[in-house]
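Q: Build the full structure now, drawing on both the sequences and the hints.
Counting from 74, one number per residue, gives the positions in the first sequence under my numbering.
Derived by calculation from the structure, the hints in this document are not laboratory data. Just so you know, these numbers come straight off a predicted model, no measurement behind them. Watch out, some of these pointers could steer you wrong.
[Said to hold, decoys possible] Straight-line C-alpha distance at most 16 Å; calculated EDC-like pairs for lysine to aspartate or glutamate:
(1) 292 / 275
(2) 285 / 337
(3) 111 / 183
(4) 129 / 140
(5) 111 / 186
(6) 285 / 296
(7) 292 / 315
(8) 285 / 173
(9) 129 / 139
(10) 78 / 337
(11) 285 / 168
(12) 285 / 171
(13) 273 / 255
(14) 273 / 295
(15) 292 / 337
(16) 78 / 107
(17) 111 / 159
(18) 273 / 315
(19) 273 / 287
(20) 78 / 173
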Amino acid sequence: MIDPKLLRTSPADVAENLARRNFVFDVAGYASLEARRKSLQVDVENLRAERNASAKRIGKAKADGEDIAPLLTAVEDLGAELESTEAALQDIQSELRDIDLGLPNLLQDDVPEGADESANVELSRWGEPREFDFTPRDHVDLGEGLALLDFNAAAKISGSRFAVLRGPLARLQRALIQLMLDMHTGDHGYAEVYVPYIVKADALIGTGQLPKFENDQFKTTDEPPFYLIPTAEVPVTNLVREAIVEAAELPLMYVAHTPCFRSEAGSHGRDTRGMIRQHQFEKVELVQIVAPSQSADALEALTGHAEAVLRALELPYRKIILCAGDIGFGAQKTYDLEVWLPGQDAYREISSCSNYGEFQARRMQARWRNPESGRPELLHTLNGSGVAAGRALIAVLENYQNADGSVTVPRALRPYMGDFKKLTAAI
RNA sequence: GGAGAGAUGGCUGAGUGGUCGAAAGCGCUCCCCUGCUAAGGGAGUAAGGGUUAAAAGCCCUUCGAGGGUUCGAAUCCCUCUCUCUCCGCCA
Numbered sequence: 074m075i076d077p078k079l080l081r082t083s084p085a086d087v088a089e090n091l092a093r094r095n096f097v098f099d100v101a102g103y104a105s106l107e108a109r110r111k112s113l114q115v116d117v118e119n120l121r122a123e124r125n126a127s128a129k130r131i132g133k134a135k136a137d138g139e140d141i142a143p144l145l146t147a148v149e150d151l152g153a154e155l156e157s158t159e160a161a162l163q164d165i166q167s168e169l170r171d172i173d174l175g176l177p178n179l180l181q182d183d184v185p186e187g188a189d190e191s192a193n194v195e196l197s198r199w200g201e202p203r204e205f206d207f208t209p210r211d212h213v214d215l216g217e218g219l220a221l222l223d224f225n226a227a228a229k230i231s232g233s234r235f236a237v238l239r240g241p242l243a244r245l246q247r248a249l250i251q252l253m254l255d256m257h258t259g260d261h262g263y264a265e266v267y268v269p270y271i272v273k274a275d276a277l278i279g280t281g282q283l284p285k286f287e288n289d290q291f292k293t294t295d296e297p298p299f300y301l302i303p304t305a306e307v308p309v310t311n312l313v314r315e316a317i318v319e320a321a322e323l324p325l326m327y328v329a330h331t332p333c334f335r336s337e338a339g340s341h342g343r344d345t346r347g348m349i350r351q352h353q354f355e356k357v358e359l360v361q362i363v364a365p366s367q368s369a370d371a372l373e374a375l376t377g378h379a380e381a382v383l384r385a386l387e388l389p390y391r392k393i394i395l396c397a398g399d400i401g402f403g404a405q406k407t408y409d410l411e412v413w414l415p416g417q418d419a420y421r422e423i424s425s426c427s428n429y430g431e432f433q434a435r436r437m438q439a440r441w442r443n444p445e446s447g448r449p450e451l452l453h454t455l456n457g458s459g460v461a462a463g464r465a466l467i468a469v470l471e472n473y474q475n476a477d478g479s480v481t482v483p484r485a486l487r488p489y490m491g492d493f494k495k496l497t498a499a500i
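A: So, in C-alpha cells, the structure goes:
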C-alpha cells in the first residue's frame, strides 16, 4: 500500500510514478473522495466528543443526586445524527481502502522504463551455454524417455498442468531442495522455517495477492475463505504481521521450502508443454525483513544468494532487471534470474528477487522500533526464489543431458543422490 | 467430536454500567541519594488515527473480533475466532 499521507499531499507525484507502469491514478477523483472523508471524519469525531462529554456530565449529575432528565433530552438527537454520519464515513473509508489496496507500489528511480518484458534490461551473464554435438532434447522428451516424468498419469488424477515424477527424478527434485536449504542456512545465514500452506485472506492481502489477484489463487473453502499459498512469501512474510520488531533482531532472514499453488488463470495456451508452468510446484523461498535503510543492499545480497545456487549447479544464467511495465504489482524493484534451457534455446525465469519497500509492511502493519526516533516505523520486506525447484529440475535435465538420452547428476547434487550418478532408462 | 475455563498495556494481573486507556507489581528509561556494587527515593513508560506545512495542543478509536442494549460498556446480551484443561478419535 502506498502511504495514504503521500496520496493526500502529493497525488501528482504518485500519478507520475504509477504512470511508468501504465497505471492511471485518478488524481481528481481521489482528491474529492479524500475531501469528503476529511469533512465526514471531523464531523464524526466532533459528534463523538460531544457525546462523550455529555455522558460524563450525566454520570456526574447522577452521582451528585441531581435531576438528569433535562440532560437526557439535550442529547436526544445526538445518537441518530452520529449514526448516520458514521455510516457515511464508513462508506467512504471503505471506498478509499479499496482504491488504496488496488494501487501498485511506487517504482524506484533506477527501474528502467518500458511497456513490457521486451524492455527488461540484461545486467550480467554467468556461465557458457553448453555446445551440444547432438540436438538437445527438451525436458519432456528426456523425462518421458527415461520413464521418470509422467504427464498422462497426472492428467488422469488432476488434469493439465500437473506432473508425476518417479524414482530418481523425484529424488533429484528433493536433492535440489536439500542443496538449496543447506546453502541458504549454512552459507547465507537464513533461518529455515516450516509454515502453513493454507492461509487466510488477510495474509494474502498483507503480501499483495489480494484483493486484486483473487483469480490467480486456489480457494479451498468459501466460509471461512482459505487459500492455498501461491508462494512461501505469503506465510513467511506474514510472520511479522502486526508485530513490532526490536532493532537488534534485524535483519530477519528466512528460508522455506513449500509447494506453490497457482490457478494460472489467464495464461491459457502459455507454456502448455512440460512442467514450466504448473498448478503445483516446489520452491525454496528467501525472505528478508530489514530496516528501511538496508533494503537496497539486501536486495543485492538476496539476489546473490539465489545466484549462488545456480553457480553451485553450474547452470548458465543471466540476471535482468524488470522494466516499469513488467515489474510485479507490489515490487519497487525486481531482478529476475533466467536460466539457460537448451531444449527451448532460451533463457527462462527461475528466480525473481524483489524489494517491496514498505508496501507489504504497511498492509501487514509490520514495524520495528527505530532507536533514533524511539517510534515504531514500517519495515521493509524482500523476497526471492532461491530458486524454483521445478524449474531447476528442468534446467538440470536439459543442461546435463547426454546423447543417449540419459542425464548426468550435477556434482553438487551427488551427496544427496545416493548411488545415482546418472539417470538412465534402465532404472 | 463432547464438556468446561479463559482472552485486559512489554510481562504478571486487578477491575461487573459513569471522572477507566485502565489499580498494583515486574520490566524498561531518566533523575536523586549512596565513594563501586547492592539497597533506597522520585518521575516517566501502549498503539492507531484526525486536525496542522510541521510541531505543540486539542480531539477520536482501541481491554480477542464483529454486532446489540444504553445518555454512557473492559464491565450486560448475541455471534464468531483463538488459547488452555479433561474425554473421545487420530498421522
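Q: State for each hint whether it applies.
A: Evaluated hints:
For the proposed pair residue 292 and residue 275, the alpha carbon gap of about 13 Å is at most 16 Å, so the pair holds. Our distance criterion of 16 Å between C-alpha atoms is met by residue 285 and residue 337, whose separation comes to about 14 Å. Taking the CA atoms of residue 111 and residue 183, the gap is about 35 Å. The hint is violated against a cut of 16 Å. The hinted pair formed by residue 129 and residue 140 meets the criterion: a straight-line CA distance of about 14 Å does not exceed 16 Å.
The hinted pair formed by residue 111 and residue 186 fails the criterion: a straight-line CA distance of about 36 Å is larger than 16 Å. For the given pair, residue 285 sits about 20 Å from residue 296 by alpha-carbon distance, which is inconsistent with the 16 Å threshold. Taking the CA atoms of residue 292 and residue 315, the gap is near 24 Å; set against the 16 Å cutoff, the hint is violated. Taken as a hint, the residue 285 and residue 173 pair is honoured in the structure, with Cα atoms around 11 Å apart against an allowance of 16 Å.
At roughly 14 Å between alpha-carbon atoms, residue 129 and residue 139 fall within 16 Å of each other, so this suggested pair holds. At roughly 35 Å between alpha-carbon atoms, residue 78 and residue 337 are farther apart than 16 Å, so this suggested pair is violated. Distance hint between residue 285 and residue 168 is fulfilled; the C-alpha atoms sit about 15 Å from each other, no more than 16 Å. At roughly 10 Å between alpha-carbon atoms, residue 285 and residue 171 fall within 16 Å of each other, so this suggested pair holds.
Using a Cα cut-off of 16 Å, the hinted pair residue 273 and residue 255 is violated, with the two alpha carbons roughly 30 Å apart. Only pairs whose Cα atoms come within 16 Å are accepted, and residue 273 paired with residue 295 is accepted, the gap being roughly 11 Å. Proximity of residue 292 to residue 337 is assessed by CA-CA distance (about 13 Å); at most 16 Å being required, the pair is judged to hold. For the hint linking residue 78 to residue 107, the alpha-carbon distance of about 11 Å falls within 16 Å, and the restraint holds.
Straight-line distance between C-alpha atoms of residue 111 and residue 159 comes to about 12 Å, which keeps the hinted pair within the 16 Å bound. Taken as a hint, the residue 273 and residue 315 pair is honoured in the structure, with Cα atoms around 15 Å apart against an allowance of 16 Å. Among the hinted pairs, residue 273 with residue 287 is consistent with the structure: their alpha-carbon atoms are about 12 Å apart, no more than 16 Å. Between residue 78 and residue 173, the direct Cα distance comes to roughly 11 Å. Compliance with the 16 Å bound is thereby established for this hinted pair.
Consistency with the previously given hints fails for numbers 3, 5, 6, 7, 10, 13, ordered from lowest to highest.
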